[in-house]
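Chains as they are written, first to last, in the numbering used here: chain G, 612 to 975; chain Y, 612 to 975.
Everything labelled a hint here was simulated from the structure, so no lab data went into it.
Because the structure is a prediction, the values reported are computed rather than measured.
Treat the hints loosely; a few may be bogus.
To be verified - Straight line, CA to CA, 16 Å or less: simulated EDC-like cross-link-like pairs of lysine to aspartate or glutamate: (1) 880/G to 898/G; (2) 779/G to 791/Y; (3) 767/G to 791/G; (4) 882/Y to 899/Y; (5) 809/G to 665/G; (6) 779/Y to 791/G.
Stated by the list, open to error - Covered, in the sense of this in silico footprint (three residues per stretch, anywhere, with C-beta under 8 Å from a C-beta of chain G), are these stretches of chain Y: (7) 761-770; (8) 779-785; (9) 788-799.
Glycine is no exception: its CB is placed at the ideal position from the N, C-alpha and C atoms.
Number of protein chains: 2
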Amino acid sequence: MRKLNAQAIEDIATAAPILGTGGGGDPYVGKLMALQAIEDYGPVTLIDVDEVPDNALVVPSAMMGAPTVLVEKIPNGEEPFWAFELLKNYLGKDIYATISIEAGGLNSMIPLALAARLNLPVVDADGMGRAFPELQMVTFTLHGISSTPMSISDEKGNKMLLQTITNKWSERLARTATVEMGGSSMIAIYPMLGKQLKEGAVRGTMTLAESIGKAIREAGLRNENPLDKILEITHGYLLFKGKITDVQRRTMGGFARGNAFFDGIDEYKGKKLEIEFQNENLVARVDDNVVASVPDLISVLDPDTGKPITTEMLKYGYRGIVIGIPCNEQWRTEEGLKLVGPRYFGYDIDYVPIEERYEGVASK
Amino acid sequence: MRKLNAQAIEDIATAAPILGTGGGGDPYVGKLMALQAIEDYGPVTLIDVDEVPDNALVVPSAMMGAPTVLVEKIPNGEEPFWAFELLKNYLGKDIYATISIEAGGLNSMIPLALAARLNLPVVDADGMGRAFPELQMVTFTLHGISSTPMSISDEKGNKMLLQTITNKWSERLARTATVEMGGSSMIAIYPMLGKQLKEGAVRGTMTLAESIGKAIREAGLRNENPLDKILEITHGYLLFKGKITDVQRRTMGGFARGNAFFDGIDEYKGKKLEIEFQNENLVARVDDNVVASVPDLISVLDPDTGKPITTEMLKYGYRGIVIGIPCNEQWRTEEGLKLVGPRYFGYDIDYVPIEERYEGVASK
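If we strip away everything but chain G, and leave its shape as in the complex, we get (with noise of 0.2 Å):
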């Protein structure tokens, strides 16, 4: 147990999109959130998977839909705090802390703003190890942990309840209501006991995300470049340096589609590679070659400051360093791969963990 303060959320918040893959949402507009819910309430308490009850309740909180809309559509603040207390009252029982569903931008902040709003501590671990963009994809999944009773709120002031047969239901009617919703909303999903929490949570990823943060922040006080730094704590590979020669995108189906194009410079000086793109980075592609897939987490840094590069960032003329990092071990069994695994993207290609992919090309 250990206290968040502003500077922690601030590498949280800087880090976050690393792991998020692309994806998770803008955390500037979370981070403001946060921030100013640490001013109004004082410091979040972050816990252990291990310091939650077996019988407590806890409750992820997060951003649904696509991150491209909410830039423009800010939040008013209040939404994840209604859809929380709408399932709290819904479940009739008290909820013992939040956590994030997800490590992504803006889905690292909302349950920390929530928690110091509601004195509740956040759970040091997510439900992805990353970011993916449909609701099943989380390894409570994985462990038969049902996705409702669910609540959805959005910023005008609708409210709903969930109660559905599979994980992947809640998907696709939350989907749809988000869509209507104008395209965001805020959800609060996966009500369970900290007995499940403990078999299906990917721990620790709040501290990871911090010192990667930190990592980034004091190299640039140093004016040093993190690059190395980073691959060293995420126990990722350096994949390609280029710069950005087209990006696509299309919202489609509450979801921020696309494909990003970038040209080789450096030591990659003639090569290609292209990012495919649905919220997260999915597919990396080198000269038609692929490098990394989902779900290995893919990222853009920028090459000065090491920062992320979201998707929704993702512009013509960028510079960007494209990293990979080994995802969570619960993602490469069959189970795991069903769920989120290349095919289920709609891509004709086996899974290959990216220490082998990354063994291959180092080879050649």
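Following the hints, position chain Y against chain G.
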């Protein structure tokens, strides 16, 4: 207060689509559900609006979606119960009675099936005095009664609770959910107190439907045509007699939309009539002159039996008698016409009460 037996349910089911102005769902499936329920649980008690105590809770129960879909996607019989129970538990109060939200085929039957099973009375009234395609289109809206909390269930077991800022938002969110659920769902909506019911309801709908159905049945036994009797009971007008030459239909956004074209027979020979419908019949034109429009009722009857032909039964070659019936006075106010007048449905015509239109036609 009186009991509705199997004969009463048959009569109501026969006539409900006349008041349902072609919509409200196929009465056949609903009738089977209601008959089965009274066989299992005994007859249903029908009570007058004034028999409901001012502080008692009344909750309408209905099917939502395109009736065209429901013909193939037969309810399992449980889902109206699921939606009702969910709302009841959420409200945490006893429900005194149920009621039809609209006078339509299936939607006059659903509350009867539910009432038998739950041993609740059904109020002899509804929220439209006809059928309309959208949730906010009830006289309750004119009296400031909120549609939410409302609940939705599908035949698979998915359930939802909505709390919205306007009744139109309930329509938007419940509609997208219903489309995602496969095109139809069951709902419990507009929970209200007896006091509110007394102000907002259209009274006597069940008794009216029953008396029309009885007239049709008795005329059949005597081998007579019930048309004159139907017009007498409903204060309706004969608009056309014809043969259907074409029906165009499409299921869009959760609605069954389309057009039916008639060539005149008998005294209407040489004339043509077109009906436009969106679940319900909305506008009738004879030789391009509007002869009746929403919110007045337009119904198509079998020329021999007087039984109604719903929009989903309209078919090339069928003969039909088209009648018009004055709507409830509440719809003829400025607020009423804003909610359900021809312009709301996209027609650039003023509403003229059918009595005036008919005088105009008759005097030509």
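Here is what the structure says about each hint:
no.: 1; hint: 880/G to 898/G; in the structure: holds (12 Å)
no.: 2; hint: 779/G to 791/Y; in the structure: holds (12 Å)
no.: 3; hint: 767/G to 791/G; in the structure: holds (12 Å)
no.: 4; hint: 882/Y to 899/Y; in the structure: holds (10 Å)
no.: 5; hint: 809/G to 665/G; in the structure: holds (8 Å)
no.: 6; hint: 779/Y to 791/G; in the structure: holds (12 Å)
no.: 7; hint: 761-770; in the structure: holds (count 4)
no.: 8; hint: 779-785; in the structure: holds (count 3)
no.: 9; hint: 788-799; in the structure: holds (count 4)
Violated hints are absent here; each numbered hint is respected by the structure.
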